[in-house]
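**Q** Okay, here's what each chain looks like letter by letter:
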Amino acid sequence: MRIAVVDESAARASVIREGLAEIEDCEIFVVTERRGLVAHIGQIAPDIVLIDLGNPSRDVLEEYFAVSRALARPIAMFVDESDEEALAASVEAGVSSYVVDGLAPHRIRPILDLAVRRFNAFSRLEADLADARGRLAEREAVDKAKRILMQSRGLAEHEAYAELRATAMRQSRRIVDIAEAILTADQLLNGPPPGPSARRPTGRKGHDRTAP
Amino acid sequence: MTQELAIGFLPLVDACLPILAHEHGFAEAEGLSLRLVRDVSWATVLDRLLYGQTDAAHLVAPLAIATTLGRGRPAKPLSVPFVLGLNGNAITLRSDLAAYVCPAGGLGDPAAVGAALAQVAHRRMASGRALRLGVVHRYSSHNYMLRYWLAACGLRPDQDVEIATIAPPFCADALEAGEVDGICVGEPWNSVAVERGVGTIVLATAQIWRRGVEKVLAWRESVMEERRPQAEALVRALVAAARHFIDPANWDANAALLARRAYLDASPEIIRRAISDRLLLRQGGEPVHYPDFMFQYREAANFPWVSQAQWLYTQMLRWEGGAFDSVEAARAGRVFRPDVYRAALIGSGEPLPGASSKVEGSLAGPMAVGTQQGLITMEPNHFFDGRIFDPAAMPAYLAGLP
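First to last, the protein sequences are chains L and Y. Position 37 (the first sequence) corresponds to 29 in our numbering; numbering is contiguous. In our numbering, each residue's number is its place in the second sequence (first place is 1) plus 1.
Incorrect hints may appear among the rest.
The calculated SDA-like cross-link candidates involving lysine to any residue, where the alpha carbons are at most 20 Å apart (straight line), are [what the hints assert, rightly or not]:
id, chain 1, residue 1, chain 2, residue 2
1, L, Lys136, L, Gly146
2, Y, Lys359, Y, Arg335
3, Y, Lys77, L, Ala80
4, Y, Lys77, L, Glu84
5, Y, Lys77, L, Ala81
6, Y, Lys77, L, Asp75
7, Y, Lys359, Y, Arg388
8, Y, Lys359, Y, Asp386
9, Y, Lys359, Y, Ala393
10, Y, Lys77, L, Ala68
11, Y, Lys77, L, Ala58
12, Y, Lys77, Y, Met379
13, Y, Lys359, Y, Ala394
14, Y, Lys77, L, Asp72
15, Y, Lys77, L, Ser74
16, Y, Lys77, Y, Thr378
17, Y, Lys77, L, Glu73
18, Y, Lys77, L, Val71
19, L, Lys136, L, Tyr153
20, Y, Lys77, L, Asp17
21, L, Lys136, L, Glu77
22, Y, Lys359, Y, Pro339
23, Y, Lys359, Y, Thr372
24, L, Lys136, L, Ala148
25, Y, Lys77, L, Glu77
26, Y, Lys359, Y, Gly322
27, L, Lys136, L, Ala78
28, L, Lys136, L, Ala160
29, Y, Lys359, Y, Gly371
30, Y, Lys77, Y, Ser96
31, L, Lys136, L, Ala158
32, L, Lys136, L, Asp72
33, Y, Lys77, L, Ala78
34, Y, Lys359, Y, Thr378
35, Y, Lys77, L, Ser89
36, L, Lys136, L, Leu117
37, Y, Lys77, L, Ala148
38, L, Lys136, L, Glu155
What the hints contain is simulated information worked out from the structure, not anything from laboratory work.
For reference, chain Y alone in the conformation it holds in the complex:
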């Protein structure tokens, strides 16, 4: 019997895996029938998940942790058995500002662009009109990556630079209207701003943290436990979709499919840029190839590393205040469920890491890592400022941050 699963999503390129799992029959092959539920705000994606209108959802990773910890509303435990991808976001600035802080064009050097931006920010502060940057949600990796970068470049978010929330479809409008000077958003929205000539892409978030966790597949913990066989089947279907997604032979077809009105309702040509890691940074420019702009499959990218959930937890504390609490840190870590990922894929050809947590940002060169099955060679995963996150030493990490 085919089991139906309803999956919530926001129209973004990184909603690709559940969509492809459905369209290419990977879900069907696992005995699942997916019903994709499109929304336009994370608040609504989350509401539908919490009140049973969907079984699982494409979600910004920090929101899964915030919901579990009860930030902003009463706590409801969520579980993440699968990471939908790493990175895939960019920072787009008003074109005049981009030309000033990133004069060479192309993707800038994060430290150099940050230093130039800091000068502008301080001048703007002095003139009484603070620099203002937009992110898509308070509990998004966009917010944390942007703040991480700004802080490491000597800027104090909320003091030297204002950070505002803007819904992705209106990012280009906000740039055009001068409501913000820049945005950190996922695709296709940077490219839409470029296409409209209202912004220039200066950085990819993968330059800030080379292997940063992005969207996740979230379930209510109780629902996932009740429907454990389907949850594991879905992990397998999504892995198959991920393998299909990164194959260049499928890029055109997948871009056309994601572009459909029921999904992203956007231009296939623009979607293809993100899929192929070839972005047009400014209107009329040449495409720039930045490998692993989106990272959907290799190196067990979909494996829910407990350390990544805990990195997000440290950033939550960093920007909202509050003392480090080891019980809360453990609860944040448990949102990510490597045990479910492993149970789903044991005996398959997929490589499975041997550990559930790792030191983030420590690899400067390729390294073969210990596995439970298969082979995994991890490539560099550094933060641009060279900091290293050891989940066994979170208080020290927090104390050492600027």
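Excised from the complex, chain L in its bound form:
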């Protein structure tokens, strides 16, 4: 069976490909390029097309399948009316599937189920990554706020942190929220931090946050 995976995210496409490799008798083709998509799919002549729901080429692909009724192997959206739940799960996972005319649902289902599992796994990975990035950004905000306190009030690092923590506890807020409030206040009072190429105006009071 020939399966085309259409996904502009090369990382996700490879996660799907790896999963589908477990299924016997499958040849998998990954298409990440939008240009020439329809011609590419035509060359692959797939039995199944899996495409992510966030793909802007979906309407173009559906149009191609609709007019390809004249072709030898018409392809249509896979809509298994006996199992709405599985389709809902597929939409939720973010993948839609198109199959050639005459392919039996029992041959399609394992592939679709696997794609759904892989899409979900990929989403979890992405969520974890975003979470990790968020934590990193939080740590940076706290570090910057500490530096501001150290320079403006002459505190040692541990004192600056203790101050942040005490304020957070008093106000029942998170340390990072206090840190962000300090950064905002600092920006309002002293102007935005310099960008990579911008230079800070001379003769202005404040602390050099770009110093190592």
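Once you've looked at the hints, dock chain Y against the given chain L.
**A** Below, chain Y alone, put in the same frame as chain L:
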């Protein structure tokens, strides 16, 4: 208790009403909390609606009818209690082609531009490289308006001119790369092509049909019935948003709001052009004021006229073939739900038409129409070729089309 409704949309200027209903608190005032779900293809907007990830959606009107009739996939009945707007699309051609078919600049005369385009199309056919125009979806008013115009100008779509589907964000790219010679698309995408210097706007779809139905608010029929109080509350919130949208005092603020990354993620200056009916037709040109380019509120624009759904049905038959079927025509008409619109607004200050269907394209001048409440004066609603669509005589209408 505030009820949450998830609403799918595509980043287009005519997704404005649900966005404004949410941002300006019109939904909140009706006891609704809207969650807007942005997508990049109509197929995905529809999937989310059909499989319960959204409760209602901004949708191209013909797709709501096609889905109900089971074109392209098994039939699922959809309901439209509210029209999100009339027109608002344009036809943008490669600039060299635009200069040839519309030499005077400005918005052209549809018949004259069409006649000149027909000459080009026939020459191109003879040279073996057919003229190619892009639309955003098979089941879109863009497709039907473009085909209506071409056919009335003596061109046979799919034979003399190729019509291809292109996703709106890539329309400018396709023009630039020469994949298409022109596009019929909604804003901001015509203006984006103009801004990039790859195309010139030659016509607004409002010139083809002065009061043509465009996007609709679609629900699954069963979901709308289950959540009828919320569906009606949403109609009221959207009417309030429509009133706000057309007020010039709000244009700047609304353009800035729609431009946000979560919504259109586009330039507020470009969005404002469509909102204010002032389009820049070519790079470096002066803005051209074309009144009612977008039509979001006046004359009960949001009222779901059964006749408009049925006009779309006739175009579906016209371009896909198949015999006229009165049962199917009735089912297509029932997708539009004036009864829900009326129930939502009865007793409010909003004018309500007395009829649910009308003869489309018959008004040459302003006319006061019969209402259930309030006053409505309809302005001209003609098709550019002067044809009239009488929903009571669909087979005769179809037989008379070129």
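**Q** All the hints need checking, so say for each whether the structure fits it.
**A** Here is how each hint holds up against the structure:
1. L/Lys136 / L/Gly146: holds (15 Å)
2. Y/Lys359 / Y/Arg335: holds (14 Å)
3. Y/Lys77 / L/Ala80: holds (14 Å)
4. Y/Lys77 / L/Glu84: holds (19 Å)
5. Y/Lys77 / L/Ala81: Between Y/Lys77 and L/Ala81 the Cα gap is close to 18 Å, so the pair holds against 20 Å.
6. Y/Lys77 / L/Asp75: holds (15 Å)
7. Y/Lys359 / Y/Arg388: Roughly 14 Å separates the two Cα atoms, so the pair holds.
8. Y/Lys359 / Y/Asp386: Holds: Y/Lys359 and Y/Asp386 sit about 19 Å apart, inside 20 Å.
9. Y/Lys359 / Y/Ala393: holds (9 Å)
10. Y/Lys77 / L/Ala68: holds (16 Å)
11. Y/Lys77 / L/Ala58: Distance of about 18 Å is within 20 Å: holds.
12. Y/Lys77 / Y/Met379: violated (34 Å)
13. Y/Lys359 / Y/Ala394: holds (12 Å)
14. Y/Lys77 / L/Asp72: holds (13 Å)
15. Y/Lys77 / L/Ser74: holds (14 Å)
16. Y/Lys77 / Y/Thr378: violated (36 Å)
17. Y/Lys77 / L/Glu73: holds (11 Å)
18. Y/Lys77 / L/Val71: Holds: Y/Lys77 and L/Val71 sit about 12 Å apart, inside 20 Å.
19. L/Lys136 / L/Tyr153: holds (11 Å)
20. Y/Lys77 / L/Asp17: violated (35 Å)
21. L/Lys136 / L/Glu77: violated (49 Å)
22. Y/Lys359 / Y/Pro339: Between Y/Lys359 and Y/Pro339 the Cα gap is close to 12 Å, so the pair holds against 20 Å.
23. Y/Lys359 / Y/Thr372: holds (13 Å)
24. L/Lys136 / L/Ala148: With Cα atoms ~14 Å apart, L/Lys136 and L/Ala148 stay inside 20 Å; holds.
25. Y/Lys77 / L/Glu77: Between Y/Lys77 and L/Glu77 the Cα gap is close to 15 Å, so the pair holds against 20 Å.
26. Y/Lys359 / Y/Gly322: violated (25 Å)
27. L/Lys136 / L/Ala78: violated (48 Å)
28. L/Lys136 / L/Ala160: holds (16 Å)
29. Y/Lys359 / Y/Gly371: holds (11 Å)
30. Y/Lys77 / Y/Ser96: violated (42 Å)
31. L/Lys136 / L/Ala158: The hint holds at about 17 Å.
32. L/Lys136 / L/Asp72: violated (55 Å)
33. Y/Lys77 / L/Ala78: holds (17 Å)
34. Y/Lys359 / Y/Thr378: holds (14 Å)
35. Y/Lys77 / L/Ser89: Distance of about 18 Å is within 20 Å: holds.
36. L/Lys136 / L/Leu117: Roughly 29 Å separates the two Cα atoms, so the pair is violated.
37. Y/Lys77 / L/Ala148: Violated - the C-alpha atoms of L/Ala148 and Y/Lys77 are around 67 Å apart, more than 20 Å.
38. L/Lys136 / L/Glu155: holds (14 Å)
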